[in-house]
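K.L.:
Modelling step: build the complete structure from the supplied sequences, incorporating the hints.
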Amino acid sequence: MKQGRVDAVVTYWHYAARLTAAGLPQALGVREALRALGITTDLPMIGYCFDETWAAGHREALRRFLSAADQARTLLRDSDAEWEALRPLMAAPDEATFIALRDGYRAGIPTRWGAAERADAQRLYVLLRALSGADLVGEAAQLPAGTFWDGAPD
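Heads up: the sequence shown at position 139 corresponds to 139 in the working numbering, and the numbers run straight through without jumps.
Hints were generated in silico from the structure; no laboratory data involved. Virtual Cβ for every residue (Gly too), placed ideally from N, Cα, C. Hints are supplied without guarantee of correctness; some may be wrong.
[As the list claims (entries may be wrong)] For each label pair, taking beta carbons as the anchor points, the in silico distance ranges come out as:
#1 Ala27 with Ala56: 43 to 49 Å
#2 His58 with Ala27: 42 to 48 Å
#3 Ala8 with Ala72: 39 to 45 Å
#4 Ala56 with Met90: 36 to 42 Å
#5 Arg63 with Glu139: 31 to 37 Å
#6 Glu60 with Ala96: 29 to 35 Å
P.N.:
In structure tokens, the structure reads:
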């Protein structure tokens with residue numbers, strides 16, 4: 001896009017942040033696309049996959065992992081100083097790109113994961129299956145039971 005060879009691109013948030021920082025407009029973000037499809041909550045776009053049997057046998061390790069991940073998200077959400085420490089690793093060529101990457105990450109941090117979000121995830125799954133068939137999501141007509149883990153460690 002920067003070279004004027006394509007009119008639009010579907011890409012990951014961090015590439016979009018770099019393009020926006022370079023002055024290119026965003027036509028439609030994921031949040032806006034989901035709203036247009038009737039999804040009213042902010043769904044997480046990334047999650048962790050693991051076997052429930054494994055989780056039952058490794059409760060302490062899983063608890064520590066989830067706690068560390070939560071602490072890291074909180075730190076990156078709240079601390080500009082931590083972002084400054086990361087700046088050399090980000091390959092941001094200028095301040096605008098650095099800010100776009102920082103703010104884009106922060107905007108994507110989930111704030112809720114409750115019944116409404118799970119219901120919207122189910123609606124989105126059904127919609128994606130209707131649009132693509134089993135090629136995208138597999139044979140299940142609904143999200144299978146156990147897709148979302150309910151056994152959070154104490």
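K.L.:
Each of the hints needs a verdict: does it hold here or not?
P.N.:
These are the hints, each one checked on the structure:
Between Ala27 and Ala56 the C-beta distance comes to about 45 Å, which sits within the given range of 43 to 49 Å. Distance hint check for His58 and Ala27: the Cβ-Cβ separation is about 43 Å, which falls inside the suggested range of 42 to 48 Å. A beta carbon spacing of about 33 Å between Ala8 and Ala72 contradicts the range 39 to 45 Å that was offered as a hint. In this structure the supplied range 36 to 42 Å holds for Ala56 paired with Met90, their Cβ-Cβ distance being about 38 Å.
Roughly 34 Å separates the CB atoms of Arg63 and Glu139, a value that falls within the hinted 31 to 37 Å. Checked against the hint of 29 to 35 Å, the C-beta distance between Glu60 and Ala96 comes to roughly 43 Å, which is inconsistent with it.
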